[in-house]
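**Student:** Sequence:
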Amino acid sequence: MGQKQEPKIFLDFKKLSKWTETELRPVLRQHAEGIADDVRKSIGDSDVEVGVWSSSGGQGRPVEVVTIRHPSGLARQAKHGILTGAAAKRGLTIRRSRD
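In the numbering used here, the protein residues as written are 442 to 540.
Hints listed in this document are in silico derivations from the structure and should not be mistaken for laboratory results.
Check before you lean on any hint, since a few could be wrong.
Stated by the list, open to error - Listed next, with one range per pair, are the computed distances between beta-carbon atoms:
id: 1; residue 1: 452; residue 2: 536; range: 35 to 41 Å
id: 2; residue 1: 478; residue 2: 445; range: 50 to 56 Å
id: 3; residue 1: 518; residue 2: 444; range: 33 to 39 Å
id: 4; residue 1: 486; residue 2: 452; range: 22 to 28 Å
id: 5; residue 1: 448; residue 2: 535; range: 33 to 39 Å
id: 6; residue 1: 453; residue 2: 515; range: 47 to 53 Å
These numbers were taken from a predicted model, which means no experiment stands behind them.
Virtual Cβ for every residue (Gly too), placed ideally from N, Cα, C.
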């Protein structure tokens, strides 16, 4: 008998990109909004804006970014890990970007 052929898989990246935008982005947004809500509760200061912004990463992958738009935001993250802590409470692992 001949050698066993391995199956070949071809991905349609345009369709995959469209799927991630329509199906995955809302799920990511929901998680990001939950993290932002947790951060807002931790801060407790209504003058500190915590926002969620949508972007696209490498190869068009959807990205949701939670930021503290206040001069104290960087210090709060550096000293208390407020953003990474809120994400970890929801089961997410945060890594530094390679960009």
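**Student:** If you check each hint against the structure, which ones fail?
**Tutor:** 1, 3, 4, 6
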